[in-house]
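Enquirer: Each chain is listed here by its residues.
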Amino acid sequence: MAFEGLADRLQGVIKKVTGKGKVSEQDVKEMTREVRLALLEADVNFKVVKDLVKRIKERAVGQEVLESLTPGQQVIKVVKEELTDLMGGEQSKIDAADRPPTVIMMVGLQGAGKTTTTGKLANLLRKKYNKTPLLVACDVYRPAAIKQLETLGKQLQMPVFSMGTDTNPVEITEKAIAKAKEDHNDYVIIDTAGRLHVDNDLMDELQKMKEIAQPNEILLVVDAMTGQDAVNVAESFNDQLDITGVVLTKLDGDTRGGAALSIKAVTDKPIKFAGMGEKLDQLEAFHPERMASRILGMGDVLTLIEKAQTTVDEKQAKELEEKMRTMSFTFDDFLEQMSQVKKMGPLEDLLGMLPGAGKIKGLKNIQVDEKQLAHVEAIVQSMTKEERIKPEIMNAGRKKRIAKGSGTSVSQVNRLLKQFDEMKKMMKQMTNMQKGKKGKGMKFPFM
Amino acid sequence: MGFMDKIKNKFKQNNAEEVTEKYKEGMQKTRKSFSGKINDLVARYRKVDEDFFEELEEVLITADVGVGTVMDLIDELKMEVKRQNIKDSKKVKEIISEKLVEIYYDGDDEDIETLQLSNGELSVILVVGVNGVGKTTSIGKLAYKLKQQGKNVVLAAGDTFRAGAIEQLEVWGERTGVPVIKHKEGSDPAAVIFDGVKAAKSRNADVLICDTAGRLQNKVNLMNELAKVKRVISREVPGAPQEVLLVLDATTGQNALQQAKTFSDAAGVTGIVLTKLDGTAKGGIVLAIRHELNIPVKFVGLGEQVDDFQEFDAHAFVYGLFSDMLDEE
Numbered sequence: 000m001a002f003e004g005l006a007d008r009l010q011g012v013i014k015k016v017t018g019k020g021k022v023s024e025q026d027v028k029e030m031t032r033e034v035r036l037a038l039l040e041a042d043v044n045f046k047v048v049k050d051l052v053k054r055i056k057e058r059a060v061g062q063e064v065l066e067s068l069t070p071g072q073q074v075i076k077v078v079k080e081e082l083t084d085l086m087g088g089e090q091s092k093i094d095a096a097d098r099p100p101t102v103i104m105m106v107g108l109q110g111a112g113k114t115t116t117t118g119k120l121a122n123l124l125r126k127k128y129n130k131t132p133l134l135v136a137c138d139v140y141r142p143a144a145i146k147q148l149e150t151l152g153k154q155l156q157m158p159v160f161s162m163g164t165d166t167n168p169v170e171i172t173e174k175a176i177a178k179a180k181e182d183h184n185d186y187v188i189i190d191t192a193g194r195l196h197v198d199n200d201l202m203d204e205l206q207k208m209k210e211i212a213q214p215n216e217i218l219l220v221v222d223a224m225t226g227q228d229a230v231n232v233a234e235s236f237n238d239q240l241d242i243t244g245v246v247l248t249k250l251d252g253d254t255r256g257g258a259a260l261s262i263k264a265v266t267d268k269p270i271k272f273a274g275m276g277e278k279l280d281q282l283e284a285f286h287p288e289r290m291a292s293r294i295l296g297m298g299d300v301l302t303l304i305e306k307a308q309t310t311v312d313e314k315q316a317k318e319l320e321e322k323m324r325t326m327s328f329t330f331d332d333f334l335e336q337m338s339q340v341k342k343m344g345p346l347e348d349l350l351g352m353l354p355g356a357g358k359i360k361g362l363k364n365i366q367v368d369e370k371q372l373a374h375v376e377a378i379v380q381s382m383t384k385e386e387r388i389k390p391e392i393m394n395a396g397r398k399k400r401i402a403k404g405s406g407t408s409v410s411q412v413n414r415l416l417k418q419f420d421e422m423k424k425m426m427k428q429m430t431n432m433q434k435g436k437k438g439k440g441m442k443f444p445f446m
Numbered sequence: 000m001g002f003m004d005k006i007k008n009k010f011k012q013n014n015a016e017e018v019t020e021k022y023k024e025g026m027q028k029t030r031k032s033f034s035g036k037i038n039d040l041v042a043r044y045r046k047v048d049e050d051f052f053e054e055l056e057e058v059l060i061t062a063d064v065g066v067g068t069v070m071d072l073i074d075e076l077k078m079e080v081k082r083q084n085i086k087d088s089k090k091v092k093e094i095i096s097e098k099l100v101e102i103y104y105d106g107d108d109e110d111i112e113t114l115q116l117s118n119g120e121l122s123v124i125l126v127v128g129v130n131g132v133g134k135t136t137s138i139g140k141l142a143y144k145l146k147q148q149g150k151n152v153v154l155a156a157g158d159t160f161r162a163g164a165i166e167q168l169e170v171w172g173e174r175t176g177v178p179v180i181k182h183k184e185g186s187d188p189a190a191v192i193f194d195g196v197k198a199a200k201s202r203n204a205d206v207l208i209c210d211t212a213g214r215l216q217n218k219v220n221l222m223n224e225l226a227k228v229k230r231v232i233s234r235e236v237p238g239a240p241q242e243v244l245l246v247l248d249a250t251t252g253q254n255a256l257q258q259a260k261t262f263s264d265a266a267g268v269t270g271i272v273l274t275k276l277d278g279t280a281k282g283g284i285v286l287a288i289r290h291e292l293n294i295p296v297k298f299v300g301l302g303e304q305v306d307d308f309q310e311f312d313a314h315a316f317v318y319g320l321f322s323d324m325l326d327e328e
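Protein sequence lines correspond, in order, to chains W and F.
The first sequence runs 0 to 446 under numbering that gives the first Met the number 0.
The second sequence runs 0 to 328 under numbering that gives the first Met the number 0.
It is possible that some hints are incorrect.
[Stated by the list, open to error] Taking lysine-lysine and the BS3-like style, the derived pairs with C-alpha atoms no more than 30 Å apart in a straight line are: (1) F:K227 - W:K146; (2) W:K127 - W:K209; (3) W:K92 - W:K180; (4) F:K98 - W:K49.
Don't read these hints as lab results, they were simulated from the structure.
Only a predicted model underlies this, so the values are computations on that prediction, with no experimental measurement involved.
Using the sequences and the accompanying hints, generate a full structural model.
Expert: Here's what the structure looks like:
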C-alpha cells in the first residue's frame, strides 16, 4: 500500500518514546508532524490540516498526552476525537416540503456520479419511506445522459421526465414540477449536468433553476477520491447555490476520503449519504465517526462488527463454538461457516475493514478470489452425507466422483481435504489454549 | 543559460505558439492559483529558512503532487540551497521549477510521450479507468484527432455496464463519422471487443479504440475482467494493444497513484490521459505517477470542445503552471 495509517506512522516515534520517563516537547512535535503527514496523505486539505494540527498540538502538549503512559495511543485518541468533532453528527434526513412535492436538486462536477446517485436516492426514498419520486433529466449537454437516467428509471420502474436536449434546463425544471403536481409525485429529483465550479454561464443556469424549482434540498455530489481541490469545488458551489448537503460517491474504492473532512470544514454542510457500490441499492447513510477512522487508516471496525451482528446468527455461532471444542466439526459446519462469512459481503471488503490488515504479512496484498470459494462450496456439496461427517473414509474412487460432481479436479479435492484437516488441528490447539484463559471466548469462530 | 530560458527557447524552436496558447488558456485557473502562491510566498519570505520550506511544502501539496514526492523534492531543494549558498528566496523559485521538471523527466526518453501506433497495420488502443473520469468523452475526442490525421478509426463500445454508455459512444461516433461496434447492454465486454477487432480488420482500419466500463481498482473481479479483455486483444492482434491508456481525473488526489499501480498490474498501462484540467485542480499527481511508476502522460483534456484535447507536453505543462513567473522575468 502506498499509504500508511496514522497508527503505522506513529510507530517510529512511539518506539523512541517508550521507555523514556517523560515525553519531551520535541517528541510531541515529531508526533504532530506524523499526524500532519497522515492527514495530508489522506487528501485532507492542507488548510484544514493546519487548523486541526494546531488544536491537536495544544491538547497534546497539555497534560493529556505528556502524562499518559501510552502517549502514542493518546495522540491517536485525541486526533480521532478532533476529527469526529469536525465531521459532526449523523444527518441523513431529507428535508421534506410542507406541501408536496419535495424538490431535490443534484449538482456537481462532471463524473462525480450525479445521475447514478439520482437513481439510488429515488430508490432509497421509495424503499425506506414509501415515496413516489419523479426523476427529471436536465443534463442536456453530455451525450446520452438523458438516456442514462431513462434506463435507470426503467430499471427502477419509476417515471422519468425529459424534454430532449433542445430545451433549456430551466424550462424543463418548470414543466417537470408542474407534471409532478399533476401526477401526485411527492418527490422530484432533478439531475443536472456536470459543470466546473468556475464555469460562470453554467453556474448561472443552476441559479436560475434554483429560483424556479425552490428546492428543499440542493445536494452536492462529490467523488470521494477528490484531492486538495475539493475545498475549491465545495466552497464555490456552496457560495453560489447555498447547498443543503453533500453526497460522497465511490466510497467503495480504497481511497482514504480526506475530501469528506475538507468539504465539511469549508461548507459546514452535512454529508448526508455515501455511495457504496454500483448497484442501485448501494446508497447508505453517512457515518462521520467511521469516516474519521477511515481517514486515519484505522480500519472500520464498527462497520465490521455491525455486519457481523446483522448477519451472523448468534445461536449458530454458539453451536459452532461447541462443535469446535468437542472436535465434532464436519464439512457441513464448514459450509455453514462459509455461508455466514459470505453473507457479510465480499471478503476483500471485510479485510479492508480490519485495522492494521495492511501490516500483516500475507494479508498485505491478498486478493480474495471469490471463484475459489465457489469451488470449495461445490466440492463439499458433491460429498455424501457420510463423507461430510467422516472425511477419513475418503478414497480414490470417492475423490474422483466428487471431482466430477463439482467440476473440479482430484488434486483440488485433495487440497481441500488437507486444508480441512489442518483447520481441525488448529482448532484443537486454539481450544486448548482457551481453556487456560477463561472468559475470552471466540466471538467470530470463522476468523 | 537559466532553466526558464531553456523552456522559453524550446518553445521558440518548436514554434509551438498555438499549443502553448491552448495550455495557457486551459490552465489559466490552475496557473493563477499555483504560481500566484509561489510568487506570493517568495514575496513574503526574503530569507530562505525552515518556515519558507514548510510553506512551500504546502503549496506543492495543494497541487496534489503527493506527500512522498513533495518530501523528496523539499529535501533536494534544501540540499541545493545549502550547496549554492542561496539566501535570497527569489533565486529558489527557479530551482523549484527546475526540480519539478526533473522529477517528470527522470530518464528523459521523450519517445514514450507520444502515441505509439504500428505503421501500416491495425493498432489497438485500450482505454481504462475508474468511474466518471471521462473515458468515453476522451475516446470521442481522440477518435476525432486521429481522423483529422487521416486515420481510419473504429470504436468498440466495451462499457456494457453503465446505463447509457453505449449510446454516449454512439453519439461520438456520429459526431466524428466513425463506426461504433456494439452489443446489447449487459453483454460480455470481451465479446464486444472481439467483434470490434474483427470489424476493424475487415474494414482495414488503422486504429481500433476500445471503451471499457469504469471500475474501481480494488474490485478484483472487475480487474480480472479487464485483464481478460486485454488477453482477447493480444490473441487476435499480435503485438496489440499498442497503447493502454489510463484516464485520470485531474481533481483526483493521492488515490490516483493507487489507480495507476493497480491498473498497470491488470492491464499494463502505457500512458495517461489527464482530464478536466480546465478547472482549478492541478493534476500534480501525474508528477508522482511518472516519478514512481514511470508512466507518462500522453494527452490532456483542457476543455469541453473537441479540439481541447491535446498531446501532453511536459514543458508546456510546466509553462502553464509557471508562465506568470516566466513573463515576469
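Enquirer: Next, verify each hint and record whether it holds.
Expert: Hints versus structure:
no. : hint            : in the structure
1   : F:K227 - W:K146 : holds (29 Å)
2   : W:K127 - W:K209 : holds (27 Å)
3   : W:K92 - W:K180  : holds (23 Å)
4   : F:K98 - W:K49   : holds (26 Å)
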